[in-house]
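Colleague: The lines below spell out each chain.
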Amino acid sequence: MALIHVNQVTKQFRKGAETITPLKEAELQIERGQFVSLMGASGTGKSTLLNLIAGIDKPTSGRIIVDGTDITRLSRTKLAAWRARNIGYIFQTHNLIPVLTAYENIELPLMLLPMNRSERRRRVEVALTAVDLVDRANHYPRQLSGGQEQRVGIARAIVTDPTVVVADEPTGDLDTETSAQILELLERLNDELDTTLLMVTHDPDAAAIAERRLKLDHGRLIEHAQAAAPAVHAGAS
Amino acid sequence: MFKFAPYLLKTLWRHRTRTLLTVSGSAVALFVFCFVLTVRQGLQRLTQQDDSVLIVFQANKFCPATSHLPQDYDQVISRMPGVRDVVPIQVFTNNCRASLDVVVFYGAPAEKVRRVRDFELIDGSWGEFESHQDAAIVGQALASRRGIQVGERFSVGDVTVAVAGLFTSQNRAEEDYVYCHLDFLQRTRGLDLVGTVTQHEVWLEDSANPEQAAAAIDEKLKSGQIETDTRTKGAFQASSLADLIHLIDLSRYLGWACLFLMAVLLATTTIMTVEDRIGEHAVLQTLGFSTRHVFRLVMSETVLLSVVGGCVGIALAVLALSQSALSVGAEAVTIAFEPSWDMVLTAALTSLVIGLIAGIAPAARAAKADIVTALRFSG
Ligand SMILES: Nc1ncnc2c1ncn2[C@@H]1O[C@H](COP(=O)(O)OP(=O)(O)O)[C@@H](O)[C@H]1O
Ligand SMILES: [Mg+2]
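Just so you know, the protein sequences line up as chains A and B, in that order.
So for the first sequence, my numbering puts the first residue at 1; every next one is plus one.
So for the second sequence, my numbering puts the first residue at 238; every next one is plus one.
Be aware that one or more of the hints could be misleading.
Chain A is faced by these chain B residues, among others (derived, beta-carbon under 7 Å) [unchecked claim]: (1) K247; (2) T248; (3) H252; (4) K605; (5) I608.
Using C-beta positions, here's what the derived DEER-type ranges look like [what the hints assert, rightly or not]: (6) A/T176 x B/L589: 52 to 60 Å; (7) A/D175 x B/D607: 30 to 38 Å; (8) A/R63 x B/R529: 20 to 28 Å; (9) B/V590 x A/E25: 50 to 58 Å.
With a cut-off of at most 20 Å between alpha-carbon atoms, the simulated EDC-like pairs for lysine to aspartate or glutamate come out as follows [said to hold, decoys possible]: (10) A/K215 x A/E27; (11) B/K240 x A/E119; (12) B/K457 x B/E442; (13) A/K78 x B/D607; (14) A/K58 x A/E25; (15) B/K349 x B/D371; (16) B/K349 x B/E442; (17) B/K459 x B/D309; (18) B/K457 x B/D579; (19) B/K240 x A/E125; (20) A/K15 x A/E31; (21) A/K24 x A/D217; (22) A/K15 x B/D607; (23) A/K15 x A/E27; (24) A/K58 x B/D607; (25) B/K247 x A/D203; (26) B/K605 x A/D57; (27) B/K247 x B/D420; (28) A/K78 x A/D161; (29) A/K58 x A/D70; (30) B/K349 x B/D420; (31) B/K457 x B/D322; (32) B/K240 x A/E104; (33) B/K349 x B/D480.
If you're looking for bench data, these hints aren't it; they were derived computationally from the structure.
We treat Cβ as the ideally placed atom computed from N, Cα and C, and that holds for glycine.
Turn these sequences into a full structure, and let the hints guide you.
Modeller: Set out below in structure tokens:
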């Protein structure tokens with residue numbers, strides 16, 4: 001049984017008189033531990049799909065089942081609690097709370113879970129180590145480089161040990177070298193922690209590191225042939 | 238929610254200019270509100286007290302300078318049923334109209350002053366007061382306002398007294414008066430007032446009905462040389478202060494206006510905060526914060542501002558009121574502006590409520606904002 005079931009999902013937006021349908025009866029299944037990349041032209045609905053799976057948006061019709069829970073049926077409050085436990089969200093940019101240090105930013109999602117301070121500390125330290133930022137724990141976002149900020153964002157997304165981590169163009173705002181570091185980090189997390197990862201990107205090189213590559217086109221998902229650009233670690237896993 | 242206190246405080250600190258301005262504005266508003274409350278409470282204390290004490294005044298006279306009753310009315314009154322004690326009082330004031338610095342002399346038999354008033358001498362002695370004709374004891378508030386000390390002489394107009402003591406009283410309004418000997422005040426002013434007094438203060442038995450007793454006194458003295466008008470002390474003081482009461486009643490609107498301004502200020506700040514942080518709140522909700530979390534965060538921020546501002550305003554008001562020993566008087570009755578715990582509590586509670594009211598709409602808006610839309614337009 002797949003971890004994520006996207007079942008006949010349609011999403012429409014109304015803009016005045018016209019209706020946009022970025023997703024039309026989309027079907028998708030993602031296995032536990034898979035690293036999936038999602039490509040597609042700008043405005044095709046990649047973020048929309050990602051947001052639906054992350055539970056911050058609701059489909060017009062269809063069902064999304066994550067780890068046995070039909071999240072399309074949860075109330076807004078229940079959905080928030082579900083996100084706290086099950087979703088790690090990596091944003092493209094501007095996503096850290098500016099008044100909080102790296103440490104406090106990473107600790108934030110743990111505050112929503114039943115956990116005492118020392119347990120939170122232990123988890124934050126593990127996450128900081130994972131992204132190699134232990135020495136920047138007490139820095140504020142403005143004192144960090146773009147790449148470091150993004151690593152804090154990744155640490156914040158994985159610190160609760162969520163069921164799924166989603167990333168919406170995580171390297172979109174970074175230079176090539178930093179992008180490569182971030183991608184390498186994501187790949188490592190998937191390898192070592194067996195994190196299920198769904199990453200939206202418009203960069204084919206970035207997409208290539210995923211073990212499974214999807215393309216969104218006219219509201220439908222197309223599976224990319226694995227052989228087209230073999231990922232480095234594809235054979236290892 | 239306490240877990241998020243550092244986040245809250247750091248957010249306020251980041252916008253410290255805005256925070257400071259809002260806190261100052263709230264403080265000023267509550268400072269004025271405290272003054273209004275204090276004045277109203279002072280008035281209330283004055284007009285609602287002493288139901289068992291009656292004041293016998295000359296009928297159809299208002300200023301103490303024009304009321305003249307035979308002193309020996311006290312004999313008649315004291316024989317009436319339900320009367321415990323009668324104190325003949327000559328009143329002299331420097332100003333019959335409403336004023337912020339009224340000095341009022343009460344001339345009464347010295348031993349009666351000691352008996353019927355709850356005065357405690359903080360300086361000087363009763364013996365000094367009772368043994369000298371021109372001796373007087375001065376209320377603490379008046380003394381500190383005018384810089385009066387024991388051993389000095391103190392004059393207003395034709396009246397000069399030797400200060401024999403300073404007193405405090407449970408009733409702060411009393412601390413604005415000077416008490417001297419009745420016959421001294423009757424003699425001292427060139428007028429031939431011997432044998433007449435301004436008013437009689439009648440102390441009733443607990444069982445007596447004040448209204449009936451007052452009517453009985455007026456009825457009894459109707460046949461005398463001068464007609465009287467007897468009321469409870471509260472009612473008497475209320476009528477003396479009638480003009481002021483009117484004014485003080487208007488101050489209610491000043492109080493409401495201050496609270497309204499404070500609410501507007503806090504709401505404006507909160508709306509600004511919320512608009513600044515649409516993206517931040519969307520990020521929080523993405524992480525798993527519920528609408529309730531965001532609502533409470535925004536509310537806490539507003540309430541914190543209003544309560545801190547409120548407390549500063551209250552503290553300043555208490556300081557100003559107790560330092561200045563301010564009072565306002567008319568027709569020889571003064572209202573003391575004395576800060577009370579009651580006022581502090583009311584004001585503190587009010588600031589809390591204002592914060593809640595001001596925060597509720599912006600907080601609800603922040604909480605209900607659509608996450609995806611907020612992320613798209615702020616990211
Ligand atoms: N909240 C929204 N309101 C209206 N239209 C939206 C909204 N979100 C997305 N859209 C529209 O849906 C389409 C897909 O958007 P999006 O998923 O962000 O595309 P992508 O991430 O692939 O660039 C776009 O045409 C966009 O304008
Ligand atoms: Mg997008």
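Colleague: Each hint: holds or not?
Modeller: The hints, checked one at a time:
1. K247: B/K247 check passes; min Cβ-Cβ to chain A is 4 Å, inside 7 Å.
2. T248: holds (5 Å)
3. H252: violated (9 Å)
4. K605: violated (9 Å)
5. I608: holds (4 Å)
6. A/T176 x B/L589: 52 to 60 Å: holds (55 Å)
7. A/D175 x B/D607: 30 to 38 Å: holds (33 Å)
8. A/R63 x B/R529: 20 to 28 Å: holds (26 Å)
9. B/V590 x A/E25: 50 to 58 Å: Check passed, 53 Å falls within 50 to 58 Å.
10. A/K215 x A/E27: With a Cα-Cα distance of about 12 Å, the restraint between A/K215 and A/E27 holds, given a limit of 20 Å.
11. B/K240 x A/E119: OK: B/K240 and A/E119 at ~14 Å, within 20 Å.
12. B/K457 x B/E442: holds (18 Å)
13. A/K78 x B/D607: Holds, at roughly 16 Å.
14. A/K58 x A/E25: holds (14 Å)
15. B/K349 x B/D371: holds (16 Å)
16. B/K349 x B/E442: holds (17 Å)
17. B/K459 x B/D309: Within the cut-off at roughly 15 Å; holds.
18. B/K457 x B/D579: Roughly 42 Å separates the two Cα atoms, so the pair is violated.
19. B/K240 x A/E125: holds (19 Å)
20. A/K15 x A/E31: Not satisfied, since the Cα-Cα distance of roughly 35 Å exceeds 20 Å.
21. A/K24 x A/D217: Given that 20 Å is the threshold and the Cα spacing comes to 10 Å, the pair holds.
22. A/K15 x B/D607: The given pair, whose Cα atoms are some 16 Å apart, holds under the 20 Å limit.
23. A/K15 x A/E27: Judged against 20 Å, a Cα distance of about 25 Å means the pair is violated.
24. A/K58 x B/D607: Distance of about 11 Å is within 20 Å: holds.
25. B/K247 x A/D203: Answer violated: B/K247 to A/D203 is near 38 Å, above 20 Å.
26. B/K605 x A/D57: Roughly 13 Å separates the two Cα atoms, so the pair holds.
27. B/K247 x B/D420: It is violated: about 70 Å lies between the C-alpha atoms, which goes past 20 Å.
28. A/K78 x A/D161: Roughly 19 Å separates the two Cα atoms, so the pair holds.
29. A/K58 x A/D70: With Cα atoms ~11 Å apart, A/K58 and A/D70 stay inside 20 Å; holds.
30. B/K349 x B/D420: holds (13 Å)
31. B/K457 x B/D322: holds (17 Å)
32. B/K240 x A/E104: holds (11 Å)
33. B/K349 x B/D480: violated (31 Å)
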